[in-house]
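Novice: Put together the whole structure using the sequences plus the hints.
If you want the building blocks of each chain, they are given just below.
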Amino acid sequence: MNYAKLNLMKQLFLLSIVAGFFGWNFIAPTDVLAEKGYTEIEVADGGTVIGNVKYMSGSEAPGLNLYRDWELSDASKTSSEKLIVSKINNGLKNAIVSLTDISRGKKKVTSVIHPLIDQQNNIFIPRVLAILEGTTVDFLNGDEVMHNVHTRSLKNQPFNLGTTYKQRISKKFDYPEIIQLTCDLHKNTNAWIVVLAHPYFDMTDRNGYFEICDIPPGTYKFRVWHEELGNLEKEVTVNPKEITTIEFEYSQN
Amino acid sequence: MKPKVLLDKVSLWSATAVVSVALMLSIAPTNVKAELKVPTEITELGKDTYKKYCSPCHGEEGGGNGPLARSMLPKPRDFTRGAYKFRTTPSGSLPTDEDIYRTISFGVPNSTMIPWDILTEEQRLSVIPVLKSFSEAFEFRKPDPPVEVGLRVRPTEKCIAQGKKIYEEKLECWKCHGIEGRGDGPSAAEQEDDFGFPIKPFDFTTGKFKGGNSPQDVYLRFTTGLNGTPMPSFAKELTDEERWCLTYYVMSLIKPEDDNHK
Numbered sequence: 229m230n231y232a233k234l235n236l237m238k239q240l241f242l243l244s245i246v247a248g249f250f251g252w253n254f255i256a257p258t259d260v261l262a263e264k265g266y267t268e269i270e271v272a273d274g275g276t277v278i279g280n281v282k283y284m285s286g287s288e289a290p291g292l293n294l295y296r297d298w299e300l301s302d303a304s305k306t307s308s309e310k311l312i313v314s315k316i317n318n319g320l321k322n323a324i325v326s327l328t329d330i331s332r333g334k335k336k337v338t339s340v341i342h343p344l345i346d347q348q349n350n351i352f353i354p355r356v357l358a359i360l361e362g363t364t365v366d367f368l369n370g371d372e373v374m375h376n377v378h379t380r381s382l383k384n385q386p387f388n389l390g391t392t393y394k395q396r397i398s399k400k401f402d403y404p405e406i407i408q409l410t411c412d413l414h415k416n417t418n419a420w421i422v423v424l425a426h427p428y429f430d431m432t433d434r435n436g437y438f439e440i441c442d443i444p445p446g447t448y449k450f451r452v453w454h455e456e457l458g459n460l461e462k463e464v465t466v467n468p469k470e471i472t473t474i475e476f477e478y479s480q481n
Numbered sequence: 307m308k309p310k311v312l313l314d315k316v317s318l319w320s321a322t323a324v325v326s327v328a329l330m331l332s333i334a335p336t337n338v339k340a341e342l343k344v345p346t347e348i349t350e351l352g353k354d355t356y357k358k359y360c361s362p363c364h365g366e367e368g369g370g371n372g373p374l375a376r377s378m379l380p381k382p383r384d385f386t387r388g389a390y391k392f393r394t395t396p397s398g399s400l401p402t403d404e405d406i407y408r409t410i411s412f413g414v415p416n417s418t419m420i421p422w423d424i425l426t427e428e429q430r431l432s433v434i435p436v437l438k439s440f441s442e443a444f445e446f447r448k449p450d451p452p453v454e455v456g457l458r459v460r461p462t463e464k465c466i467a468q469g470k471k472i473y474e475e476k477l478e479c480w481k482c483h484g485i486e487g488r489g490d491g492p493s494a495a496e497q498e499d500d501f502g503f504p505i506k507p508f509d510f511t512t513g514k515f516k517g518g519n520s521p522q523d524v525y526l527r528f529t530t531g532l533n534g535t536p537m538p539s540f541a542k543e544l545t546d547e548e549r550w551c552l553t554y555y556v557m558s559l560i561k562p563e564d565d566n567h568k
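Sequence order for the protein chains is W and L. In short: position in the first sequence from 1, add 228, done, that's the working numbering. In short: position in the second sequence from 1, add 306, done, that's the working numbering.
Check the hints yourself; a few may be wrong.
Lysine-lysine pairs mimicking PhoX-like chemistry, simulated, CA-CA at most 20 Å apart [to be verified]:
| id | chain 1 | residue 1 | chain 2 | residue 2 |
| --- | --- | --- | --- | --- |
| 1 | W | K399 | L | K448 |
| 2 | W | K336 | W | K399 |
| 3 | W | K394 | L | K476 |
| 4 | W | K399 | L | K542 |
| 5 | L | K481 | L | K470 |
| 6 | W | K400 | W | K415 |
Read the hints as simulated data drawn from the structure, not as lab findings.
Specialist: This is the structure we're talking about:
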């Protein structure tokens with residue numbers, strides 16, 4: 229075998245390792261959005277961080293939809309709901325902003341009402357859900373056909389359950405982890421549950437806005453996660469009883 | 307004279323008792339002896355056995371990527387995620403030690419995973435802690451208790467017809483497994499497992515069930531699901547009777563050997 233060929237193979241091999249590493253990292257439980265150890269305290273003089281997450285694309289990429297969810301989804305079309313960007317301000321929907329290095333802060337309150345993920349017309353609604361650890365999520369089959377709900381988590385017990393029309397399943401998520409949900413009968417759809425260890429997080433709205441409040445003054449790392457675009461990080465100083473505005477920008481390349 | 311007769315009678319009776327107990331044990335549904343002595347720690351024996359007999363396929367670190375694994379399909383199990391297909395525990399749960407022992411001893415038909423009965427019982431038991439050590443899932447979670455297997459009903463015609471209805475209408479098993487059970491339903495082609503490898507819904511006509519051929523085995527497979535695969539658990543959807551009827555219907559799809567290769 230000649231040397232160039234060998235070298236090429238070596239590079240391909242390395243590349244595949246690197247690619248494998250990233251691919252794995254994407255859903256890997258090590259990629260949690262928060263560190264361990266969190267103490268609850270009274271936050272009297274907390275600050276607020278508001279901001280915007282943008283996605284700057286050079287051209288109008290197909291598959292980007294302006295307020296797609298206003299339309300009734302068409303069962304015969306495959307959906308591409310991964311990237312939802314506002315045409316008005318390039319705001320990115322369904323990105324999750326969180327503090328990664330906060331160890332003391334406000335009380336963790338899990339919602340008594342279970343957040344719901346519904347399978348309608350073969351699509352998970354909502355597509356992305358951010359929850360505090362210890363939260364129970366309900367899964368509903370809103371369609372008159374069989375579905376299954378399949379997760380691949382490691383720390384939280386995974387599951388793969390077949391469900392018929394109107395079946396409702398409750399599952400509690402106890403550990404921080406990014407979890408993908410799929411239905412093996414309808415491959416074009418999936419959803420994400422992001423479990424966080426503390427209450428300092430928010431998911432962007434349709435214009436890319438988020439707000440996180442009652443943060444004890446200090447300097448923190450903020451991270452955005454998006455299923456397609458990955459992570460961005462930024463250090464932000466939060467002042468007592470002040471509102472700080474920040475912006476994150478994903479670019480196309 | 308009399309005491310001798312009595313003695314004979316007693317010994318005869320006790321012999322029958324022993325035999326019948328033995329019989330009962332041998333037809334007991336789990337096939338595996340009740341008390342297994344699985345070492346709690348990794349032993350030298352376990353390490354050696356794994357290295358010698360298992361790592362060529364399952365890999366030194368349990369990643370399912372040993373030197374023999376390359377062109378193999380189905381792939382040797384990757385133990386790092388704690389996803390075991392053949393269990394008595396609910397969907398997503400880790401397996402019990404008995405479940406793992408059962409698979410090691412009986413193998414997985416239609417794959418390169420042979421029954422490891424060439425190893426001693428002690429060797430087979432000793433690898434269990436080694437397998438578990440490959441996944442941090444065993445640090446975070448404990449196996450759930452095994453699912454309850456209800457009292458078996460008789461496979462009457464009515465029951466099998468009910469099973470057919472569940473297979474075709476209520477739970478739509480055919481979408482993956484096909485109407486005739488050949489593993490060729492409309493959703494069959496695109497299936498892949500949690501590790502990203504293609505996987506085929508089981509072809510029931512072959513009759514060589516990977517998780518075992520008894521009605522209870524089949525019952526357990528669709529009740530608990532096969533972790534790490536698209537095969538879901540249908541734990542919530544059926545009554546116990548319906549479960550047995552579905553089991554009998556699925557088993558009625560098996561084609562006699564010679565019919566198979568036409």
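Novice: Confirm or reject each hint.
Specialist: These are the hints, each one checked on the structure:
Proposed proximity of W:K399 and L:K448 is supported: the alpha carbons are some 16 Å apart, at most 20 Å. This hinted pair checks out: W:K336 and W:K399 have alpha carbons roughly 19 Å apart, not beyond 20 Å. For the given pair, W:K394 sits about 13 Å from L:K476 by alpha-carbon distance, which is consistent with the 20 Å threshold. For the hint linking W:K399 to L:K542, the alpha-carbon distance of about 13 Å falls within 20 Å, and the restraint holds.
At roughly 14 Å between alpha-carbon atoms, L:K481 and L:K470 fall within 20 Å of each other, so this suggested pair holds. Our distance criterion of 20 Å between C-alpha atoms is broken by W:K400 and W:K415, whose separation comes to about 25 Å.
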